[in-house]
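Chemist: Each chain is listed here by its residues.
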Amino acid sequence: MSQEISDELLGAYIDEELSPEEKAHLVERIATDASVRARACELWQLKQLMRSAYRPVHDTGKAATRHGAKNTASSLLRRLPMAIAASLLMAAGTLSGWLAHERQEIDGLSVQQMNAIRANGSRVVLHLVSDEPERMETALRMADKLASAQDTSGQPIHVEFIANGSGVHLLRTGGSPFAERLIAHSNAHPNLQILACRQTVDRLRERGVAVELLSVVQEAASAESLLAARLSQGWRYVQA
Amino acid sequence: MSLLSFISRTRRFEEMLGECRPRLWRLAYSWSHNRALSDDLVQDTLAKALIKRKQLRDPERLNSWLCSIMANCWHDYLRQRRDVTDIDDVAEADLPTEESPEDGYLQNQMIRRVRQAVGELPLGQREVITLVDLEECSYAAVATILNIPVGTVMSRLSRARYALKDKLREPVAVAAVHKISRVK
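For the record, the sequence lines run as chains A and B.
Sequential numbering of the first sequence, starting at 1, is according to the numbering used here.
Sequential numbering of the second sequence, starting at 1, is according to the numbering used here.
Chain B with its partners taken away, still in its complex shape:
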């Protein structure tokens, strides 16, 4: 009976993890902008979540708990890269990048612009704004996930939004000129 109950609970937990996978992948991608790395981060996160599942006391907190595990995986990955010293200073240029295959969705030029602008944010700001806007985490939850004070969450978020607005205000023609010069 208890064995059955254990198996049932484990299966349910695995199902819950599976349901979280697409959102986790989106978050991983918004941080890394690299599909293969996002796959790895999600896989590591889910594997660690299975191992540590007893640490999750409140199932309502599953999502932020998973985000917290993934943030640790992500920071571990960054730390393994010797050239990285301060997460807040890491910008897109320091990370492995890739040209995503063009599918119908990515053909939307504005979406590419937003992603590019997000990719140019310092990593600390990028983590905060994606957790707040995509995962809809509260400031307190973001502070816990990233292990930083709430005040830092607010200031990073504010700077990120200011920078994004600034980048998105740039005339489209500028981006086009860059594109042409690259082609040449």
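Bound-form chain A, shown alone:
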């Protein structure tokens, strides 16, 4: 049962090279084995890092001008490679610590928070701003827990899961280790909506990153405007 998963096999999963049977088997292991999951995350982040390190731009003068023109607007975007790198290095350097944390991890929501959500209109916006595997783990557990719960009148809680910044990377096709679980959660919970910030997606595309979102992910005009609207409508805000 605890058969060793080779790096080549994990790499082939990240690169979407596995047959449906192989993939199903590996997805099962990724879902149940934290060390395999951590290795898959690490490989996936490395792939994102490679993509961030080389741009499909030829004319350096033109690139500098374009970059300068968007200096302010793209400040978040320019932090993305650093954020990915930082989380890669962190995951790589402290893998054992990460796994220890995994075992004692809670769902990220306290009993008090859940009670307040149940009693308070049963609408929650869950915000993911990071692509750190640990954060995503927590976000997925929160989403599942919230979407499975009912409010005090027995109605399902409506959950919007919105990602921006580097969090958007985890909603992309191309081997995200969380893809299967996102799809499974979305299919299992009609009251769960998964959204990506279109501004972040557009900025990535401007940089030449081919962004394709998972089929279960919808685009929101911007995370900021959605959050502002939801908060003004009385939704509860939870950051993963």
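Please note: incorrect hints may appear among the correct ones.
[What the hints assert, rightly or not] Partner residues are not named here, just some residues of chain A that face chain B (Cβ under 7 Å, in silico):
1) D7
2) E8
3) G11
4) D15
5) E17
6) L46
7) K47
8) L49
9) M50
10) A53
11) Y54
[As the list claims (entries may be wrong)] Partial selection, computed: residues in chain A whose CB lies under 10 Å from chain B:
12) S6
13) L10
14) A12
15) E16
16) E42
17) L43
18) R51
19) S52
20) R55
21) G174
22) G208
23) A210
Calculated from the structure, these hints are not laboratory results.
Here a beta-carbon is modelled for each residue, glycine too, at the ideal position from N, C-alpha and C.
Dock chain B against chain A, hints included.
Modeler: Here is chain B on its own, set in the frame of chain A:
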């Protein structure tokens, strides 16, 4: 009519090549880490693609076809260098290098670290990982482009990723110490 059609097709083909240029240049740069050489490689590749355009039967395969032509140009260049015998053994130290001009993008220290780590990979590994990660080629396509077995693609890719993870784990302080010693 047929002449017009021919001109139109040729123009369309040239447009398609033009659209591929930025990606090709990125790939060339990821292999050579040299801007002038990347310019030359892309130019040679596009010129050869124009000459050989009838060989491309499936337009969907344009990108991997171009990558294949560029890999041949690149290997021809390496072969012309007498000291090179095995592509898989070629590391960054054997290639012409340059300090890229600092622009806003390259100031990102992590990007430099990644590029440096990629540059230190043996060339065979570097070619495979860039084709898979940057060009999003399938393993079978990489095998065709580089004319190597799929198993070799997988093993080179796995070794490249292992080496990159290892290099990127090195504390930043080590790189800083090297930098200081160079300045002295």
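Chemist: All the hints need checking, so say for each whether the structure fits it.
Modeler: Against the structure, the hints:
no. : hint : verdict
1   : D7   : holds (5 Å)
2   : E8   : holds (5 Å)
3   : G11  : holds (6 Å)
4   : D15  : holds (6 Å)
5   : E17  : holds (5 Å)
6   : L46  : holds (6 Å)
7   : K47  : holds (5 Å)
8   : L49  : holds (6 Å)
9   : M50  : holds (4 Å)
10  : A53  : holds (4 Å)
11  : Y54  : holds (5 Å)
12  : S6   : holds (8 Å)
13  : L10  : holds (9 Å)
14  : A12  : holds (7 Å)
15  : E16  : holds (8 Å)
16  : E42  : holds (7 Å)
17  : L43  : holds (6 Å)
18  : R51  : holds (6 Å)
19  : S52  : holds (7 Å)
20  : R55  : holds (6 Å)
21  : G174 : holds (8 Å)
22  : G208 : holds (7 Å)
23  : A210 : holds (7 Å)
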